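Chemist: Single-letter residue listing:
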Amino acid sequence: MSSADVGTAALVVGLGTALYAVGAGAYAGRTGRREWAASARRAIYALLGLLLLAMVLLEAAYVRSDFSFELVAQNSSTDTPTFYKLTAMWSSQAGSLLLWVFLLSAFSSAVLFLTRRRLREIAPYATAVLGGVAAFFLFLMLFYASPFATLGSPPVEGSGLNPLLRHPAMMFHPPMLYTGYVGFTIPFAFAVGALLKRRTGPEWIRATRRFALVAWTFLGFGILLGSLWSYSELGWGGYWAWDPVENASLMPWLTGTAFIHSIMVQEKRGMLRTWNVSLIVATFMLALLGTFLVRSGILDSIHAFGESTLGKPFLIFIATVLIASVALVVSRRSDLRSDARVDALLSREVFFLLNNLVLILICVVIFWGTFFPLISEALTGTEESVGPPFFNGIIAPIALVLVGLSAIGPLLTWRRNSFSLLRRAFAVPLAVAVVTVVALLAFTDAAEGGLALVMFTLAAFVATVVVQEFWRGTRARRTMTGEPPPVALSRLVGRNRRRYGGYVVHVGIAVLLLGVAGSSSFNEQKDVRLEPGETVTIKDYEVTYREPTVAIEDDRSGTGAPLSFGAVLDVRKDDEHFTMRPARNYYPSQSEAMGPVGRYFGGEATSEVDLRWGLKQDLWLAIQPDLRKLKGPIRRGNELPERFAGQAIVAVARHYADDPPPAAFRAIVSPLVVWIWLGGGIVMAGALLALWPSPEARRRRVTSLYAARLGRELSRA
Amino acid sequence: MDPSRKRKIRLVVALSAAVLLATALIVVSFSAGTSQLLPSEALAQKPDERFELGGTVVDGSLRDQGGKLEFAIQDPNGSARIPVVYSGAVPDPFREGREVLVRGELEGGRFVGNDMTTKCPSKFTAQ
Chain A
1 MSSADVGTAA LVVGLGTALY AVGAGAYAGR TGRREWAASA RRAIYALLGL LLLAMVLLEA
61 AYVRSDFSFE LVAQNSSTDT PTFYKLTAMW SSQAGSLLLW VFLLSAFSSA VLFLTRRRLR
121 EIAPYATAVL GGVAAFFLFL MLFYASPFAT LGSPPVEGSG LNPLLRHPAM MFHPPMLYTG
181 YVGFTIPFAF AVGALLKRRT GPEWIRATRR FALVAWTFLG FGILLGSLWS YSELGWGGYW
241 AWDPVENASL MPWLTGTAFI HSIMVQEKRG MLRTWNVSLI VATFMLALLG TFLVRSGILD
301 SIHAFGESTL GKPFLIFIAT VLIASVALVV SRRSDLRSDA RVDALLSREV FFLLNNLVLI
361 LICVVIFWGT FFPLISEALT GTEESVGPPF FNGIIAPIAL VLVGLSAIGP LLTWRRNSFS
421 LLRRAFAVPL AVAVVTVVAL LAFTDAAEGG LALVMFTLAA FVATVVVQEF WRGTRARRTM
481 TGEPPPVALS RLVGRNRRRY GGYVVHVGIA VLLLGVAGSS SFNEQKDVRL EPGETVTIKD
541 YEVTYREPTV AIEDDRSGTG APLSFGAVLD VRKDDEHFTM RPARNYYPSQ SEAMGPVGRY
601 FGGEATSEVD LRWGLKQDLW LAIQPDLRKL KGPIRRGNEL PERFAGQAIV AVARHYADDP
661 PPAAFRAIVS PLVVWIWLGG GIVMAGALLA LWPSPEARRR RVTSLYAARL GRELSRA
Chain B
1001 MDPSRKRKIR LVVALSAAVL LATALIVVSF SAGTSQLLPS EALAQKPDER FELGGTVVDG
1061 SLRDQGGKLE FAIQDPNGSA RIPVVYSGAV PDPFREGREV LVRGELEGGR FVGNDMTTKC
1121 PSKFTAQ
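Line by line, the protein sequences give chains A and B.
Quick note, the first sequence lines up with residues 1 to 717 if you use my numbering.
Quick note, the second sequence lines up with residues 1001 to 1127 if you use my numbering.
Think of the hints as simulated: they come from the structure by calculation, not from any bench.
Treat the hints with care, since some could be wrong.
[Unchecked claim] The calculated lysine-lysine pairs, modelled on DSBU-like cross-linking and capped at a C-alpha distance of 35 Å, are: (1) B:K1068 / A:K539; (2) A:K268 / A:K312; (3) A:K573 / B:K1068; (4) A:K268 / B:K1008.
[To be verified] Simulated coverage check for chain A against chain B, where a stretch passes if three residues somewhere in it have a Cβ under 8 Å from a Cβ of chain B: (5) 363-372; (6) 388-401; (7) 602-615; (8) 620-629.
Because the structure is a prediction, the values reported are computed rather than measured.
Don't be surprised by glycine CBs; every beta carbon is placed ideally from N, CA and C.
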């Protein structure tokens, strides 16, 4: 029995196991029989084991280049570097489905293990939901896109991984996005369990909020990595293009952001129950939609897997889940009534609600713009699309409102606020904001970009608010306990991690958006053709094309490209001198028609951008070498006997370096881009701070375990 | 004011805000939208404003004119074709036989474009 057969068998048994978990979980949910709940839970653990086996088998096939696996033959090859062999799995449709369901089973096992002694009513139904989602993905793999499909006559060499995907981010970007998508399944499943059992209190939220936060963090990090990738590698020179698939990943992140805010209102005040279950349903649906969009080919996107047959089953699944969820929420509306009402408009809960509405509004605009080609075709018969100006024009002002809300919210208390309290809270941040505006107007040209000016001011406001919150908290704690300031600060943060982590996230988002505002308002781009020795000036940089470079079997970035043409450029800025080396990698084509030499020059090519980072601005350079002059030498090389092909390739490549034609360059100076990544880093740090279990939570858990044990012993006695 | 009336007013305010926003979104997107046309549709309609021409780059039609690319785009079924003069950034996956979406306008019988999107090569994703 081959390892492909074992893999398929693992998937078949996995489907059976998942279906068993659905049945056992639902039965346990109805009858409350604990042994069935435990059995359903263990089925999910078993599923994790089976899918781990499948993952290992597939990765092993990639590593040993077993081309009898259809997938391996399609997107790997013997000369693909090992790092990219390992990542090739999720560049394929079927492999990415396997990764998705593997991550789902891992998350499900973790949450079911952690809640095994709690939530006895909700957990069995949640287990059934998780099993159901896993079963759907296993069904897709078994009947539509099998990762273990084999070829009767395996080729000698595979096609290799798409050169565009050969970037270190390939190892982390897709798995992180998937972890984010998958992670939101957990709170969704528990929400469904809570609704079915009419236990709509805060228990399901407490049990799964950490998972929601983990999902949110991973999804955010995945999105950020993707934009860093497109900025530094893909030769687009942009970090965000409002591509449908980018939008699809941003939408669940936005509703997820709304969710992790609004659940706090339910925890503290018992309000917004319907809203919270609706948000998590929407987030899960959008996560499914994101997974689906990449596969359907219904929208034009660089990310698409190409037309495939998965569209229909996926759409049916999404529609079914949506209808069932809405029906469930509607049927339980009497259980979802709020415990309390809004006391005053100036209260933290109202600002949470406003923040939610703004996030949802952004999400609706993105949804509309993303699906506009389909909407307009349905309405007018012509397919129309809206470009980045549409998104930027509408979303930028809304984003400013959002940042403003994130600054005001933390200063308000729950229920109601007095004006004297507000005056004290807002005095310093407002003063700092005013000073910032004045300073920006006086010393910089920020006034030319109105949105950027507002954004800079808001960022200063947010940062001051957060510093002030840390300061006030520390001072209060110091007065109470008499601890020295550093101890007071670290204990303050340590005991309120979610709150202070959240504040750090606010600062990070403000810094990130500051980078976005700066780089989009003041960026300059030039496309030029330069002969060696010629100079182009962009902003305050003088860029001179010194000489061409040719690398044969020596690709600096380790992507396995046999040929690379590039340039050395001398850059001068005031007293600063440095050199930059953008290049373009060439991957051999599989086409025989181009000839043994020609195929090395006529295949896929990818830009290897060179970037000079700076806190104030980045200089970004890409090159498009002109290989037309090589046609003659290539033709002569093709006519040589095959065994001289290697030498001929080297000779042709040298020909380019000896007599270089003008090359096309794209130079971009983007100010403040670094702040996007720095802001992203701050967001992640804040999220980790919020996620870290606090010492008190750990103690509470231990005490509750003791209490439970004591209870059991007493009942036995 | 009694609470039920207050609730009604709130509902009306919220609904009218939503309707207003939706209308704004529809108006803005339809005025900002550019149509996507296949060569056969573009030849039939002859639009005089910017649009997106989508289709397959015809094999053997690509000429690099030093800073400008000349190629032809045809319907995926091969029925109609339009010659294209393109100046602008060339995405890495661009080549003959690939599906592309070029933004620009018709001038004479040719399509002059300066921005394009390419679809990923199906070679790596054939299902």
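Chemist: Does the region 620-629 of chain A contain three or more residues whose Cβ lies closer than 8 Å to a Cβ of chain B?
Modeler: Our answer is that it holds, as 3 residues pass the Cβ test (under 8 Å) against chain B, meeting three.
Chemist: Test coverage of the region 363-372 of chain A by chain B using CB-CB distances below 8 Å; three residues minimum.
Modeler: holds (count 5)
Chemist: Is it true that the CA of A:K573 sits at most 35 Å from the CA of B:K1068?
Modeler: 31 Å, holds
Chemist: With a cut-off of 35 Å on the C-alpha distance, tell me whether B:K1068 and A:K539 pass.
Modeler: 25 Å, holds
Chemist: Going straight from one Cα to the other, do A:K268 and A:K312 come out at no more than 35 Å?
Modeler: 42 Å, violated
Chemist: Between the alpha carbons of A:K268 and B:K1008, is the straight-line distance 35 Å or under?
Modeler: Within the cut-off at roughly 27 Å; holds.
Chemist: Taking a Cβ-Cβ distance under 8 Å as contact, does the region 602-615 of chain A have three or more residues in contact with chain B?
Modeler: holds (count 4)
Chemist: Can you confirm whether chain B covers the region 388-401 of chain A, using C-beta to C-beta distances below 8 Å and requiring at least three such residues?
Modeler: holds (count 4)
Checked against the numbered hints listed earlier, the structure breaks hint 2 alone; every other hint is satisfied.
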